[in-house]
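Sequences and hints are given; from them, build the entire structure.
Protein sequences appear in the order of chains U and G.
Under our numbering, the first residue of the first sequence carries the number 1, and numbering increases by one thereafter.
Under our numbering, the first residue of the second sequence carries the number 1, and numbering increases by one thereafter.
The set of hints was computed from the structure by calculation and includes no laboratory data.
Quantities reported herein were computed from a predicted structural model and do not represent experimental measurements.
Some hints could be false.
What the hints assert, rightly or not - According to the in silico footprint, chain G covers these stretches of chain U (three or more CB under 8 Å from chain G):
(1) 50-60
(2) 124-138
(3) 320-333
To be verified - Some chain U residues flagged as far from chain G (calculated, every beta-carbon gap over 12 Å):
(4) L160
(5) G182
(6) P185
(7) D187
(8) P205
The C-beta atom is built at its ideal place from N, Cα and C for all residues, glycine as well.
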Amino acid sequence: MAAGINAFVTRERIEGGTGPLSGTTVAVKDNISTEGVRTTCGSEMLEEYVPPYDATVVERLLEAGATIPGKTNMDEFGMGTTTETSHFGPTRNPVDTDRVPGGSSGGSAAAVAAGEVDAALGSDTGGSIRCPAAFCGVVGVKPTYGLVSRYGLVAYANSLEQIGPIASDVGTAAELLDVVAGPDPRDATTRFGAGERPDDVSDGPDGHPAETTTYADAADGDVDGLTVGVPTELVEGAVEGVVENFETALDDLRARGAEVEAVSLPSVEYAVAAYYVIAMSEASSNLARFDGVRYGHSADAGADAGDWNEAFARTREEGFGPEVKRRVLLGTYALSAGYHDKYYEQAQNARAWVKRDFDETFETVDVVASPTMPVLPFETGEGLDDPVKMYLADANTTPVNLADLPAISVPAGRAEGLPVGVQFVGPAFGERRVIRAGSALA
Amino acid sequence: MDRVDPEAVDHVADLARIDIDDDEREAFAAQFAEVLEQFETLEEVPEVDADPDLVNVLRADEVREGLSQAEALANASESEEGRFRGPKVS
Chain U
1 MAAGINAFVT RERIEGGTGP LSGTTVAVKD NISTEGVRTT CGSEMLEEYV PPYDATVVER
61 LLEAGATIPG KTNMDEFGMG TTTETSHFGP TRNPVDTDRV PGGSSGGSAA AVAAGEVDAA
121 LGSDTGGSIR CPAAFCGVVG VKPTYGLVSR YGLVAYANSL EQIGPIASDV GTAAELLDVV
181 AGPDPRDATT RFGAGERPDD VSDGPDGHPA ETTTYADAAD GDVDGLTVGV PTELVEGAVE
241 GVVENFETAL DDLRARGAEV EAVSLPSVEY AVAAYYVIAM SEASSNLARF DGVRYGHSAD
301 AGADAGDWNE AFARTREEGF GPEVKRRVLL GTYALSAGYH DKYYEQAQNA RAWVKRDFDE
361 TFETVDVVAS PTMPVLPFET GEGLDDPVKM YLADANTTPV NLADLPAISV PAGRAEGLPV
421 GVQFVGPAFG ERRVIRAGSA LA
Chain G
1 MDRVDPEAVD HVADLARIDI DDDEREAFAA QFAEVLEQFE TLEEVPEVDA DPDLVNVLRA
61 DEVREGLSQA EALANASESE EGRFRGPKVS
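In structure tokens form, the structure reads like this:
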């Protein structure tokens, strides 16, 4: 079955040294650079691109003793909710192969769910770790912005994305987070010396919380006295089966001594729109580097090659798939003369509002809980020609990226035979809290 | 709005340096209208004072190891005498 789900773009083993992850296999999403092993981002543009260096997270994995068995399939450049936009064909959901595994880190989640690997790394720009974790019935952690280095992660929307772990249980995911989290001189966003920290977290000598904070030991399932806020806005849009499983999970938490209360986050109604404006705008800039000169696909330079603008435009027409073109063009539109204030400026206001809403909520509750995805896994092909329908499925995950916060998705049973995920969101650098809450369920 | 002006699609495709064909232009014109309609809801968002915790991150300007010339050129479709070779400028 494993080969049939198409979880890997490239199977090539990279052996690590000796350390806490010795004997552990960790698959790596194919937008994370691996020295000497091609890194395609699921795109024809980078079909033959072989990075000359390792991403910091890959260095850390190998130093910790992990074996990387290969690079996992993904929506092209991370742009999708289904892992169907990959140039290398769709990944199937191992729970039901007529369904999508979620995206964009669908290959990573599917490989874990199929038992092909012990754990995997994904990246999460608007839900790309949590969505496939929920759809495949596994655990995924989206860290606080700045907890994990992005050096060597091919950028899609750099102000929103983080690399994070996917595993079949919370403890394993947290162990992997212990390995990859930390400051990196090559990524200035992993260095701080500013901001508030939760009670049990402090900054280390380099101004980074992961220097002095561990995560695996927080997976103790102890939620006695924990207050869980449930925003009605993130529950009322979910389908019936998802809501039922979510309510059962809340009962489970109550039975273990947690207090559940309703909270309100009025700003999240605008999160999907704000997210897509910001992500597409950043994508239009980040993907401008793919011109076929230094790396990547290059259109044949014949006698009619034309000037460089024409050559670049043809290279990019050939190298990018439809969803990437759609997002780059919409991002270009949103930033173009006359529209910047209307779209981009307003999206930044919405982002600040979402952040403020969460900050205020965390004054009264420890974590915020919601269904991870408001829907069950889509049938294969269901949404490929309906971008807006796909975008709206990100309603519960995108607010977390806009607010730079940590979140975990844990499995919470099945509805109609399909996995349902519950999401816990914490305050900035409150990974221990969301890991503890998640470990009560998985 | 059922679709945006196909000429506007052409204009942004030109700005983004991505050639599109007639079918793509038509499909995008309809899809963009639907996506932009979602974006319009942002007009209701109030102005919010962002108060980011920004700090300068500085380091000493010291020479560090980088890629060798061969490594840097390894992925180029064409190179010449240790340089990238690109399309003609005009």
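Structure-based check of all given hints:
1. 50-60: Since 3 is at least three, the answer is holds.
2. 124-138: Result for this restraint: violated, n = 0.
3. 320-333: It holds, with 9 qualifying residues against the three required.
4. L160: 14 Å, holds
5. G182: 15 Å, holds
6. P185: Since the minimum Cβ distance to chain G is about 7 Å, U:P185 lies within 12 Å and the statement is violated.
7. D187: 10 Å, violated
8. P205: 15 Å, holds
Checked against the numbered hints listed earlier, the structure breaks hints 2, 6 and 7; every other hint is satisfied.
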